[in-house]
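J.: Residue-level listing of the chains:
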Amino acid sequence: MASVDVASLFPLGERVDPDRLKHKFSRNIRERVIEFILFLAAFVSVATTLGIVFILAWESVVFFRHVPLATFLTDTMWTPLFSEPRYGVLPLLSGTITTSAVALLVAIPMGTVIAIYLSEFAPFTVREVAKPILELLGGVPTIIYGYFALLFVTPLLQTIWPDLPGFNMLSAGLVMGIMIIPYVSSVAEDAMRAVPMALREGSYAMGGTRFRTATRVVMPAAMSGIAAAYILGISRAVGETMVVAVAAGMQPNFTFDPSEPAATITAYIVQVALGDLPHGSIGYQTIFAAGLTLFLMTLFFNVLGHFLKRRYREAY
Amino acid sequence: MAAIASDRDPHETKLRALRRLIASQKRWDLVFACIGVACLMVGVLTLVALFVDMAIDGVPRLNADFFSSFPSRRAENAGILSAVVGSTLVMLVTAVVAVPLGVGAGVYLEEYAPRNWMTDVIEINVTNLAGVPSIVYGLLALGLFVYQFGFGQSILTAGLTLALLILPIVIVATREAIRAIPIGIREGSYAMGATKWQTTAYHILPYSTSGILTGVIIGLARAIGETAPIITIGALTFIAFLPPSPVKAEAPFISFEWLTSPFTVMPIQMFNWTSRPEAAFQANAAAAGLVLVVMTLAMNALAIYIRYRLRKSIKW
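Order-wise, the sequence lines are chains A and B.
Using the working numbering, read the first sequence as starting at 1 and increasing by one per residue.
Using the working numbering, read the second sequence as starting at 1001 and increasing by one per residue.
The shape of chain A in the complex, shown without the other chains (with noise of 0.2 angstroms):
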């Protein structure tokens, strides 16, 4: 080891410049400000929570205030507008569960299958050409949907089922299922993907083909996320607002029949908005209460979802 002498190397020696310790100074400052700047960035995204939260809790309280709890959650009328406004929220939950069922009823079979044959049956070049398709059938706008579904689907559905109306739950659930694939898809196959190699070398070994690997060892061992993907893709399906503005129509109607027109939670805010309510009216007001409903339900799935997401992630 050859030792150096550092004192050589700084010809300065023992004098500390008194102008480079001012400079140091102010390179801390510099520094200290530049974190509390980037801080404030990122503080952004808690002040927009606690705004949504604000927001949606002062306007809801002082239309609880008028509209009792009990009568919000149980009355089976939402007519806000009429001249006897009924204010349950009943009919709007009806549609909104309605629509995401048959979202989901093709959501979830697709995304699943997608997911299986992306990360255990198709060959690399698939794969490559497959994932951007989805990523672009994630990306078009919803009202693109919305049209797609209220003068392509339904019309389509009629020729099937001529006794349809224009506006239907049905047709509006099939395009926001195929909307949805893609984000059930892609959050269940990195689960599956995250499934360790050896796994699956010991389905193998066993003799087990792709198909049983797949479904007797990887989607047991990835089942937390796939249990992720579902719920995430539920919490889109309730917060979808353009498809079902456009192609379900926007009538409150309380029934769990597809083949109806309704409105969902999301629809009744754009049928409110599209209008010209005065700031302060209690039909202001209603959209503040329908949106915390929504807000706290896709809140509740989104905490679900990443609890669920996270335990994948830690099992391995």
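Calculated directly from the structure, the hints in this document are not laboratory data.
Check the hints yourself; a few may be wrong.
Straight line, CA to CA, 20 angstroms or less: simulated EDC-like cross-link-like pairs of lysine to aspartate or glutamate [claimed, not checked]:
id: 1; chain 1: A; residue 1: K131; chain 2: B; residue 2: E1176
id: 2; chain 1: B; residue 1: K1196; chain 2: B; residue 2: E1110
id: 3; chain 1: A; residue 1: K309; chain 2: B; residue 2: E1123
id: 4; chain 1: B; residue 1: K1312; chain 2: A; residue 2: E31
id: 5; chain 1: A; residue 1: K309; chain 2: A; residue 2: E128
id: 6; chain 1: B; residue 1: K1196; chain 2: B; residue 2: E1111
id: 7; chain 1: B; residue 1: K1196; chain 2: A; residue 2: E35
id: 8; chain 1: B; residue 1: K1312; chain 2: B; residue 2: E1176
id: 9; chain 1: B; residue 1: K1196; chain 2: A; residue 2: E31
Across the chosen pairs, the derived CB separations fall in these ranges [to be verified]:
id: 10; chain 1: A; residue 1: E84; chain 2: B; residue 2: R1073; range: 31 to 37 angstroms
id: 11; chain 1: A; residue 1: D257; chain 2: B; residue 2: R1073; range: 36 to 42 angstroms
id: 12; chain 1: A; residue 1: R310; chain 2: B; residue 2: R1016; range: 48 to 54 angstroms
A virtual CB, placed ideally from N, CA and C, is assigned to each residue, including glycine.
Since the structure of chain A is already known, use the hints to place chain B on it.
T.: Showing chain B alone in chain A's frame:
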């Protein structure tokens, strides 16, 4: 003679049974692979059907007049000039707000954030915000920007709303791009006496530019197609004028008057035309939708291409 003997051979019978079992199991592999491809095809066909359907209805309307006319009560005179200008200006505001905030937040979380509860809160927040339905952002904007801050139904309000909406996308993309940079780069920079900010500004940010760019483009592609939050803030749909020009003939030559101007954007214009019963207006909707979908698909394709190039070219 030998064949008859082998028929009675118990080993041979077992072997045959086994072969049959393997064959039937392998058939399942094939069947499932076919189902997987079929499901992918449904996605692809939807994309194609959507595109072709809009092209058939919309292409006849796509001429120079369509791009240079204002909306009109007469379908054949209507155009998308104000919507294109509105979308461009709103995107400008969105990008100017979302890029510094998103990149700053991403840098903070990856490079600066201490491990404490505040960082956990910010991280959980970002994941949660990504799942909040877009219409809830619209309600936030309605309550906060339009009424509390008094920005009105302006380009500024819309731009800020969409910026908050795509913030999680930009933050996540930034973090992923930064995380891919090996620690050795940072250590090299620190060893040369660089401060944290110098390391970030001269190494981390330049090396993660394409990754960040991908996220920004995907975010903007999402923002340009968002309809629900813009409707919720109460944006007008009939705008037959342009916002004031940002460039003035007299000093100081730049004006920000356009920020407070009422506006319309592409998806709103399309929604407006879609919700009219006349076929002529629906043809306009198809044409506007075609322009919109080409814009978003081009942006998404660009992002996918940049990411592909990035994966090929960078070898740390």
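J.: Does each hint fit the structure? Answer for all of them.
T.: Do the hints match the structure? See the list:
no.: 1; hint: A:K131 to B:E1176; result: holds (19 angstroms)
no.: 2; hint: B:K1196 to B:E1110; result: holds (12 angstroms)
no.: 3; hint: A:K309 to B:E1123; result: holds (15 angstroms)
no.: 4; hint: B:K1312 to A:E31; result: violated (35 angstroms)
no.: 5; hint: A:K309 to A:E128; result: violated (24 angstroms)
no.: 6; hint: B:K1196 to B:E1111; result: holds (8 angstroms)
no.: 7; hint: B:K1196 to A:E35; result: holds (9 angstroms)
no.: 8; hint: B:K1312 to B:E1176; result: holds (17 angstroms)
no.: 9; hint: B:K1196 to A:E31; result: holds (7 angstroms)
no.: 10; hint: A:E84 to B:R1073: 31 to 37 angstroms; result: holds (35 angstroms)
no.: 11; hint: A:D257 to B:R1073: 36 to 42 angstroms; result: holds (37 angstroms)
no.: 12; hint: A:R310 to B:R1016: 48 to 54 angstroms; result: holds (49 angstroms)
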